[in-house]
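Letter by letter, the chains look like this.
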Amino acid sequence: MTTFADTRVERRRRPARRTGATVARPGFVWAAPATLFFLLFAVLPLVLVAVLSFTDWDGLGAPQYAGLDNWKALIHDHTMIQSLWLSVLITVLGVAVQTPLSILLGVWAAGHQRNRAILSAVYFVPLLLSATAVSILWRALLDPNFGVPSQARWLFGDGNLFGKQASAIGVLVFVGAWQYTPFHTLIYQGAARAIPQVLYQAAQIDGASTVRQFWHITLPQLRNTMITSMILMVVGGLTTFDTVLILTQGGPGTDTTISAYYMYEQAFKSFDFGGGSAIALVLVLVATVISLIVVKVSGYDKMRSSSEGL
Amino acid sequence: MKRRPNYLAGLGSLVWLFLIGLPLYVMLAATLQDRSDYAANGPLAFPKHITLHNYTQDFSNGFGHFFLNTVLVTAAVVAIVLLVIPPLSYAIVRSRGPITTGVFRLFLLGLAIPAQAVIVPMFYVISKAGLYDNLIGVILPTAAFSLPVCALVLTGVMRDITSDLYEAMAMDGASPSRVFFQLVLPLSKGGLSTIVVFSALQAWNGFLFPLVLTQSDSSKVITLGLFNFQTEHGIDIPGLLAAVVLSMLPIFIVYLFARRALVQGLMGVGGK
Amino acid sequence: MKKRAWLSRAAAGGVTLALGLSLAACGGSSSGSGGSGTFKVLVYGDASNKVEKQIVDTFNKTSKVKAVLQTIPGADYQQKLQTIINTKQAPDVFFNWGGGSIAPFVKAGLLMPLDDFIAKDPNLKSKFLPSVFNSAVVDGKSYGIPMRGTQPVLLFDNQKVLSDAGLTAPKTWDDLLNAVKVLKAKHITPIALGGGDQWPTLMWYEYMYDRIAGPGLFEKAMGGDKSAWDSDDSRKALSQLKQLVDAGAFGSNFDSVKYTDGGSVALVAQGKAGFELMGSWYYSQQQQDNPDFAKSGLGYSSFPTVSGGKGDPNDVVGNTNNFYSVLKKTKYPDAVAQFLKLQYSDEFVKAQMAIGNLPTTTNTQNFLDTSASPDYSKFQFNLVKSAPSFQLSWDQAYPQTASEAMHTAVQEFFDGKIDADGFIKAMQALPTS
Numbered sequence: 001m002t003t004f005a006d007t008r009v010e011r012r013r014r015p016a017r018r019t020g021a022t023v024a025r026p027g028f029v030w031a032a033p034a035t036l037f038f039l040l041f042a043v044l045p046l047v048l049v050a051v052l053s054f055t056d057w058d059g060l061g062a063p064q065y066a067g068l069d070n071w072k073a074l075i076h077d078h079t080m081i082q083s084l085w086l087s088v089l090i091t092v093l094g095v096a097v098q099t100p101l102s103i104l105l106g107v108w109a110a111g112h113q114r115n116r117a118i119l120s121a122v123y124f125v126p127l128l129l130s131a132t133a134v135s136i137l138w139r140a141l142l143d144p145n146f147g148v149p150s151q152a153r154w155l156f157g158d159g160n161l162f163g164k165q166a167s168a169i170g171v172l173v174f175v176g177a178w179q180y181t182p183f184h185t186l187i188y189q190g191a192a193r194a195i196p197q198v199l200y201q202a203a204q205i206d207g208a209s210t211v212r213q214f215w216h217i218t219l220p221q222l223r224n225t226m227i228t229s230m231i232l233m234v235v236g237g238l239t240t241f242d243t244v245l246i247l248t249q250g251g252p253g254t255d256t257t258i259s260a261y262y263m264y265e266q267a268f269k270s271f272d273f274g275g276g277s278a279i280a281l282v283l284v285l286v287a288t289v290i291s292l293i294v295v296k297v298s299g300y301d302k303m304r305s306s307s308e309g310l
Numbered sequence: 001m002k003r004r005p006n007y008l009a010g011l012g013s014l015v016w017l018f019l020i021g022l023p024l025y026v027m028l029a030a031t032l033q034d035r036s037d038y039a040a041n042g043p044l045a046f047p048k049h050i051t052l053h054n055y056t057q058d059f060s061n062g063f064g065h066f067f068l069n070t071v072l073v074t075a076a077v078v079a080i081v082l083l084v085i086p087p088l089s090y091a092i093v094r095s096r097g098p099i100t101t102g103v104f105r106l107f108l109l110g111l112a113i114p115a116q117a118v119i120v121p122m123f124y125v126i127s128k129a130g131l132y133d134n135l136i137g138v139i140l141p142t143a144a145f146s147l148p149v150c151a152l153v154l155t156g157v158m159r160d161i162t163s164d165l166y167e168a169m170a171m172d173g174a175s176p177s178r179v180f181f182q183l184v185l186p187l188s189k190g191g192l193s194t195i196v197v198f199s200a201l202q203a204w205n206g207f208l209f210p211l212v213l214t215q216s217d218s219s220k221v222i223t224l225g226l227f228n229f230q231t232e233h234g235i236d237i238p239g240l241l242a243a244v245v246l247s248m249l250p251i252f253i254v255y256l257f258a259r260r261a262l263v264q265g266l267m268g269v270g271g272k
Numbered sequence: 001m002k003k004r005a006w007l008s009r010a011a012a013g014g015v016t017l018a019l020g021l022s023l024a025a026c027g028g029s030s031s032g033s034g035g036s037g038t039f040k041v042l043v044y045g046d047a048s049n050k051v052e053k054q055i056v057d058t059f060n061k062t063s064k065v066k067a068v069l070q071t072i073p074g075a076d077y078q079q080k081l082q083t084i085i086n087t088k089q090a091p092d093v094f095f096n097w098g099g100g101s102i103a104p105f106v107k108a109g110l111l112m113p114l115d116d117f118i119a120k121d122p123n124l125k126s127k128f129l130p131s132v133f134n135s136a137v138v139d140g141k142s143y144g145i146p147m148r149g150t151q152p153v154l155l156f157d158n159q160k161v162l163s164d165a166g167l168t169a170p171k172t173w174d175d176l177l178n179a180v181k182v183l184k185a186k187h188i189t190p191i192a193l194g195g196g197d198q199w200p201t202l203m204w205y206e207y208m209y210d211r212i213a214g215p216g217l218f219e220k221a222m223g224g225d226k227s228a229w230d231s232d233d234s235r236k237a238l239s240q241l242k243q244l245v246d247a248g249a250f251g252s253n254f255d256s257v258k259y260t261d262g263g264s265v266a267l268v269a270q271g272k273a274g275f276e277l278m279g280s281w282y283y284s285q286q287q288q289d290n291p292d293f294a295k296s297g298l299g300y301s302s303f304p305t306v307s308g309g310k311g312d313p314n315d316v317v318g319n320t321n322n323f324y325s326v327l328k329k330t331k332y333p334d335a336v337a338q339f340l341k342l343q344y345s346d347e348f349v350k351a352q353m354a355i356g357n358l359p360t361t362t363n364t365q366n367f368l369d370t371s372a373s374p375d376y377s378k379f380q381f382n383l384v385k386s387a388p389s390f391q392l393s394w395d396q397a398y399p400q401t402a403s404e405a406m407h408t409a410v411q412e413f414f415d416g417k418i419d420a421d422g423f424i425k426a427m428q429a430l431p432t433s
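First to last, the sequence lines map onto chains R, A and G.
Mapping of the first sequence onto full-length UniProt numbering: position 31 corresponds to residue 31, and the numbering continues sequentially without gaps.
Mapping of the second sequence onto full-length UniProt numbering: position 109 corresponds to residue 109, and the numbering continues sequentially without gaps.
Mapping of the third sequence onto full-length UniProt numbering: position 201 corresponds to residue 201, and the numbering continues sequentially without gaps.
Keep in mind that the hints were calculated from the coordinates and are not lab data.
Be careful, since some hints might not be right.
[Claimed, not checked] In the DSS-like style, the derived pairs of lysine-lysine whose C-alpha atoms are separated by at most 25 Å in a straight line are:
1) G:LYS184 to G:LYS226
2) R:LYS164 to G:LYS417
3) G:LYS80 to A:LYS128
4) G:LYS64 to R:LYS269
5) G:LYS61 to G:LYS171
6) R:LYS72 to G:LYS425
7) G:LYS242 to R:LYS164
8) G:LYS107 to A:LYS128
9) G:LYS64 to G:LYS53
10) G:LYS80 to R:LYS164
11) G:LYS80 to G:LYS328
12) R:LYS269 to G:LYS226
13) A:LYS128 to G:LYS331
[Unchecked claim] According to the in silico footprint, chain R covers these stretches of chain G (three or more CB under 8 Å from chain R):
14) 101-114
15) 184-198
Here the structure is a predicted model, which is why all the values come from computation and not from measurement.
By construction, the Cβ of each residue, glycine as well, lies at the ideal position given by its N, Cα and C atoms.
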């Protein structure tokens, strides 16, 4: 992601045009297959979501126009409001847990010692498991009577992890971190390796400590990677679904019913496809707004100049 | 270069190793013993009588067939991505004009469309098209939703090809397609392997589209097989976990033999 | 050199794609729309499927038009059914619970009234117990032929746990409260509850309301009179349930336990819990998971009587029966009619008995002794036969759209997250039609 904002290429390209050498450029035709495909299977459904959100449809007959009914119901639906907060909470907690962890692990793993290579090989195993598999694994591991809690009462008490809101959210955030931290670690590891050693050598001559080097060289150099990683975390967090479906089913009560799951429940369990579509649209809006905020706050625009300096 | 070993980070990484390793150990240990041993000894014990029965039993429950379906879906998704994304990125990088800029913005925005959000109309469209419970109905949306990330990654990589090289080719009077095949593709290998790895993982691990868009055993993929196994035989934890192990086995084999390519590929998602 | 390698790889990719798509297309069409000379039978996937397989095989031996059996795992059955029933992939014949579970399909004009079949073969009606047959009659037309069996909810127990504690199966509510106290003192969870699934919790409400208020209260509420939920009887039932939960009857972690993943089943089988309230399919579940325990350690009794309650102590709740319904658009109505006739055959009844199910055909009584556990079958048979009222599970009686909200309320009241007022309000908010 750092690269598509790169302006160097652009700058060097211009003189070529002035010298008059005609470089054959590809037409729109080259972009057409991907664009059409994406329009058909991603954008068109999104438009249809908007349309369906104004209808009443139970999946049996044809959708009936229902005006603003679904939207009016949504405003008064406290489960909906709560589900948005829960989505944001789980996302924020996920970012807060995974970002420092994966930066530290990634920077550490970027070293070239042999033991690190072996350890990192194990770290990345969760990456190979689907969210479905990970959730099933943890559901079995955390069973109050037949899983790890039954053998570690001092830590888990009665093991009622899925029966209380705080612990159920904790489980979701933990399992999410377990699965995705390795991926983000990998991204940071790659980025950390790409930091020019010259910068560190210069700092060492100045006598800067390791911690100081980390704060003043490593972190600033990782900035663009952090933005990429955080956007992926935000989108991933807001759309957490497999883990909720398998681990908590939105429970206890509606305590972990996040928006993505609530939408699924409304549409495919209560067969209110119109209401489900309205929730889906809200979810898209929230995801877009939050992604934009991350981009703005993190200084996406300034990214060009920072990569310029390399 | 002399650097002090960082003990704190080392310790932290060992803790994390424990958190990653313990569940993996419990999983493997459980799958190697039969149900009654597992129930009697608890999840943390080392298996006393090793058996592969859980694995053979999973295969007799149709896992082989689910495997084949998943392989088909994955291969097809990767093929679609490889067919449409390189030309797209080439056009974005090289062509001048408002249309391709708009296309690029479209894919940027596409990043924020969660697959969940479109699942209702997707179901509607797929079932109207007669593709419900058909692997094609899973392949198409899965491929579509891995396009934005792939487009961004590959476009980033192609931007790094300097204009000198294009100019050199232009001197020879090369057509856009010759430039594409002789210059752009060979120089984007890293990016291509990234999009292959990324889209393959997306397809292999996809759950929501198969969940909503398929139904019968003949079109079941592995993730859905796992989910159904859990709802039907949840009590059989060793059998269930054996199914989990089986579901990651092919990727694990790729990981063993091509760890470098896989890891490099995934690193590519984060840009250079 | 490099170029060629890439080209050949790209070509290989294209071939893979073409291959993948064509294979997928094959996979799709072979399982697809009825095909030539086959019709699809869709059933709820669980331990009972072996009987359905056997019956389909029997049918296919003599019929030119073949039946193809498909299953959808239990937890997803109803939602998947509704999503496909109006598509090309819809089955010809499908499993359901009668009543509310097929009403929306009848309303949408998707189902075939079976009265013509019955006119040709009156046995399709007369061979079944009338009370059961009638629960799949909508607007005076028959839409379902009973299959599988009746499934009353019973109170199961671990006999060894009870005898070790000097207890017997509770006859009255006070017996049950006493058993809770005794077992709790021995650090055994008195009653296993798969609270994570929510519907097992609902069974406690169904029985409690029936014992205290009789079947009338629920009928009234279903009929649209929502004040029924706010009646004294309703409040009394809730306070008794609350008393049971507060006494620690279900332990403290029941919301993390599930029935569907076998958690609560194993608790009882391993003697870590004394009782579990569950449908009669519990027997075949234990038989599958813990065969030894099912044979020698599993006890059962009807729900205890509650003193001062208006309900008849012989009332039962549960799933009245399962049914096969037929889609209007099936291409092979005659073959389907032949297939349905097998549902009252001796072979069917014997096979159901062997796995502990209790079919509701008129010839059931002749085969009680051939059952996997004759005592258990006779107990169930007499229970259902003598019950003045058989209340269909609330979540089946209400429209499907109500079940999520109902389950949530049921769970939250047990958790103490909402009080009686909150529960009453939640029930009143449910759509009844």
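Results for each hint:
no., hint, result
1, G:LYS184 to G:LYS226, "violated (38 Å)"
2, R:LYS164 to G:LYS417, "holds (10 Å)"
3, G:LYS80 to A:LYS128, "holds (16 Å)"
4, G:LYS64 to R:LYS269, "violated (38 Å)"
5, G:LYS61 to G:LYS171, "violated (49 Å)"
6, R:LYS72 to G:LYS425, "holds (21 Å)"
7, G:LYS242 to R:LYS164, "holds (18 Å)"
8, G:LYS107 to A:LYS128, "holds (22 Å)"
9, G:LYS64 to G:LYS53, "holds (17 Å)"
10, G:LYS80 to R:LYS164, "violated (30 Å)"
11, G:LYS80 to G:LYS328, "holds (19 Å)"
12, R:LYS269 to G:LYS226, "holds (24 Å)"
13, A:LYS128 to G:LYS331, "holds (21 Å)"
14, 101-114, "holds (count 4)"
15, 184-198, "holds (count 3)"
The structure does not agree with the numbered hints 1, 4, 5 and 10 stated previously, though it agrees with the rest.
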